[in-house]
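Got chain A; can you put chain B on it based on the hints?
Chains A and B, in that order, give the protein sequences.
Sequential numbering from 23 applies to the first sequence in our numbering.
Sequential numbering from 96 applies to the second sequence in our numbering.
No lab work stands behind these hints, which were simulated from the structure alone.
These numbers were taken from a predicted model, which means no experiment stands behind them.
Keep in mind that a hint or two might mislead.
[Stated by the list, open to error] Some chain B residues close to chain A (C-beta under 8 Å, calculated; not the full set):
1. 112
2. 133
3. 145
4. 170
5. 187
6. 199
7. 207
8. 209
[Claimed, not checked] For the chain B half of the interface with chain A, some residues (derived, Cβ under 7 Å), not all of them:
9. 144
10. 206
11. 210
The beta-carbon is built from N, C-alpha and C at its ideal position, and this holds for glycine as well.
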Amino acid sequence: MAGEATQQIDNSVLWGGGRSPFSVSYGKMMMWFFLISDALTFGGFLTALGFQRHHLEDVWPVTESIFYHFPGTHAHLPLIYVAFMTFILIISSVTMVLAVEAGHRMDQKSVVKWMALTVIGGAIFLGSQAWEWNTFINGSEYGAYEMADGTMARLDVDHTTHVESLVNLHSGDVITDQSIIEHVKENNMLVKGANLSRNEYGPQLYANFFFFVTGFHGTHVLSGVIINLLILIRSAQGWYEKRGHYEMVEKVGLYWHFIDLVWVFVFTFFYLI
Amino acid sequence: MERDDIIEYSLDNHHNEEQGKKIRKKIYFVTALLSVVTIVEVAMGIIWGKAHIDVDGAGWLTIKSIFIILTMLKAAYIVMTFMHLGDERKSLRNIILIPYLIFIAYLIFILLVESTFIFDLKQALGWI
Chain A
23 MAGEATQQID NSVLWGGGRS PFSVSYGKMM MWFFLISDAL TFGGFLTALG FQRHHLEDVW
83 PVTESIFYHF PGTHAHLPLI YVAFMTFILI ISSVTMVLAV EAGHRMDQKS VVKWMALTVI
143 GGAIFLGSQA WEWNTFINGS EYGAYEMADG TMARLDVDHT THVESLVNLH SGDVITDQSI
203 IEHVKENNML VKGANLSRNE YGPQLYANFF FFVTGFHGTH VLSGVIINLL ILIRSAQGWY
263 EKRGHYEMVE KVGLYWHFID LVWVFVFTFF YLI
Chain B
96 MERDDIIEYS LDNHHNEEQG KKIRKKIYFV TALLSVVTIV EVAMGIIWGK AHIDVDGAGW
156 LTIKSIFIIL TMLKAAYIVM TFMHLGDERK SLRNIILIPY LIFIAYLIFI LLVESTFIFD
216 LKQALGWI
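Just chain A, same shape as in the assembly (with noise of 0.2 Å):
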């Protein structure tokens, strides 16, 4: 999409050179050389999140006996929940691409009402982050044992019977001997939910790269629409129309759908492998 150029730049603007290499901008160059690094801890989480759950494939949790809550039903619906979060998140891409174009065209009504979407987009995703946290920090009903080869095993209780089994949660086996869930409710540690030092779900390491990745990632969102909502103010004041082109917001956008893409691995990585 490279046009000619039609008006005098000033030198400040271009490159000290005289002319700009790869026919960018020094701001555009930087915010993708930015974004490699970005990309390159983004790859080393994920590829360090690989690298353990490789060697602990005998116990790491399966995430969807994890994730399946959606708000406002106790329905067993894993994936739906972190599907929509998806979507919004490739929605709010989409939106933003709008405002870019809608930028090339100097059309600055279009670019407020599409930045605007766009950062209402990334507030939902970031209040579903918070809940699907929220979640995970408070963990099952009933919390699980820690059974003394470290795997984990949930108390059931039978909603009408009121029989209580304990499920191992890696291995799936039933214990329903009464005198052995007394003994383990007596001695084995009770574990309620998921944090730094404690994970009822399995091994520590998944609670750690659950939190580091999703809020690392998180962090981005969290200043993506910071970042978003300033343009969409300078925008809505009418700075780049009188600057003579939108190139910030190509530059944010750049940004945004960087954490979209980020998310999208996340997504296959943690949710569905």
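For chain B alone, kept in the frame of chain A given last:
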């Protein structure tokens, strides 16, 4: 003074309504594609997810590979269309993508090798 030493400078990257229509059409196409791929992924995850499938079998390996291929497809469309990298100069595209892809491929390779070794070692020691 008209400067003739600036070629294809991106600040002047304006287009008219007609070109905009074409670009928007492409954006909507990519939107539909990304949505469909996501729906397919979620449907596959629900039907053939890790909870319902023999993880040691060839089936899971196929599902996993399809997930990764679909993810790469989505990533390619986001980078090339939404981030306009497909429209930038070829040299810029290459300096962004090639070093990154080589490094990450190397990292994934080395970590999988090491991880497999640790798993085998634990098995040999009888820890699992």
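* Please write out, lowest number first, the hints stated earlier that are contradicted by the structure. => Violated hints: none at all, because every hint is consistent with the structure.
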